[in-house]
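Novice: Model the placement of chain B with the ligand on the given structure of chain A, informed by the hints.
Each chain, letter by letter, is given below.
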Amino acid sequence: MATETTRDADTRVAIDVKAAQAAGRLDAARERYAELVERHQRRAARIAYHYLRDSADADEAVQDAFVKAYTHLGTFREELPFEVWFTRILINGCLDRIKAKRRRERWIARPTMDADGVERDPAEHLPALTPSPEAQLLHNERRRRLKEAMVQLPERQRLVFVLSHFEGRTSREVSAVTGLNESTVRVHLFRAVRRLRSLLAPGSEHEDTGDASGTGTTVVKGRVRHASC
Amino acid sequence: MRLADAVLRRGHLSERALIDVWTTGIHPAHLDRCDQCARRALEMSRWLENVQATGREDAEAVVTNDVLVRQRDQVMSRLAQLDRPSKVISFPAASPVTRQPYAGRRVSPGWLAAAAAAGLMIGVVSMELSHMLPFGGTSAPPQVVTAPAASPYDDSDLLHNTYVNPSVGGLDALDDMTPRVVDIVLASR
Ligand SMILES: [Zn+2]
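Which chain is which? The protein sequence lines are A and B, in order.
Numbering-wise, the numbering used here puts 66 at position 66 of the first sequence, and it's gapless, one number per residue.
Numbering-wise, the numbering used here puts 94 at position 94 of the second sequence, and it's gapless, one number per residue.
Don't read these hints as lab results, they were simulated from the structure.
Source: prediction; values computed, not measured.
One or more hints might be untrue.
Now the stretches of chain B that chain A is said to cover, found in silico as 3 or more residues with beta-carbon under 8 angstroms [said to hold, decoys possible]: (1) 9-22; (2) 64-73; (3) 77-85.
Using N, Cα and C, we set each Cβ at its ideal position, and we do this for glycine too.
Bound conformation, chain B alone:
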């Protein structure tokens, strides 16, 4: 018997001791001697049993087999998405587009070669000029930012699965400016 029970409750069991009877199964000797505490212990254990049954029944009503099957399917499909390797954009080997007659203006290969050579010259000259001008050589070297080694699984995807709907909005403008290989091939024919 706890000291507090002996001193404060004239030997009767505290509420906590009654709960311990139910949760630990330990049976204080006082219960055999005191009808009042035995009644209290019985009432407490009935209450605890009722609450347990009610709570379990409630959960079982929600956590049905159907729910579990659907949930399991969703978990496995999310894992499959995470495990899917990053998509590599490949150019079509023999796109049907190339076989279709191109209705636009034709550009001769000679002009293409001339344009490429002109671009190269402009690049070389502007690089030389940038070294000669005063602000050219003093600029700080570009900061190289290296991405941390990527884990195959990203935490941020756990709650918000971005694999479902990847967004690359910031790259759209660059994408628009980049010529398509298909266009160049068609133009050169």
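Next up, chain A with everything else stripped away, as it sits in the complex:
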């Protein structure tokens, strides 16, 4: 998670932004807030992308999270690292998007199918966020399979796996962001690994039909604990 220096810097900026907002110096508030955006944007974009598995959705989720954090900065408490507070906002936004998508998919055919009924990578047909040509070349079979496997994880397992494994957070840090206790975080991580190993095992493609603990149809039961807004 944030080093002491980064955390202090974030807090200082957040306090400055709040003060500028309160004084009506909104241009100054935004200018200062841009520092927070720049510092946390890349990580936020990665988390949202891993979590939502759709680059356009992830882009919107990140934008919304930064806008929401700015407009609710008055509720930010300095004893909490900005990064933790902001990540909660981001994750709650992602959860809302997943829920909304599920509701839509009850009525609308999946847009990720092409004319031949073959599932396409959602990132492929989103011009704004498509990878560079070089990156597309590297977009190999392994990445496709991992993405498909990730989406089959229940939300909490996926969230814990993304934060722990892709973002390198400790169980304690994941616990702070998600509101789950540390032992639950470790259980989710273990289950996610076990499930992914099964999904990614050679020859397992298209064979896995899921089980009680790991189907992709798990309903999102709750939001990440209070995002303070």
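Specialist: Positioned in the frame of chain A, the structure of chain B with the ligand alone reads:
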């Protein structure tokens, strides 16, 4: 060593213990004694490393610098829109329209004054009548609905930014009926 590992696996490490080796860095003593578990731990850590590298590579391919710059611009422009004060509709101080010759029918100021006086009389008389009629005084007082104190930032705008395209369709009819000051000024000349 966990009790379950000792009892159920004859001392060999569970899959979870192998994952913990990688995620926590804690190195159980059993790994130094058992080649089989050492091999399993190595295989597990390689798998985890591969998945991590693949996942990070995938995200990095999508989250490019260009994407981040564009995204940052969009965030800042949305914030600027939210911070923009509500527009106050001001009447033009010296509209060029008033200097143009008006082609329509001219109405003398005297007629305007007479019309205003007649309107006032009708209003006073109808108010008096409403008090005298039986249903006039029994009607419930109008409910005053006060809007909650508005936050400078409205949550509903977070996902659907209505500042971009404000819609006031419900007020269009009222707007049509309201005379323009410009028209009245022109008419009185
Ligand atoms: Zn062993």
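Novice: So which hints don't hold here, by number, going up?
Specialist: none
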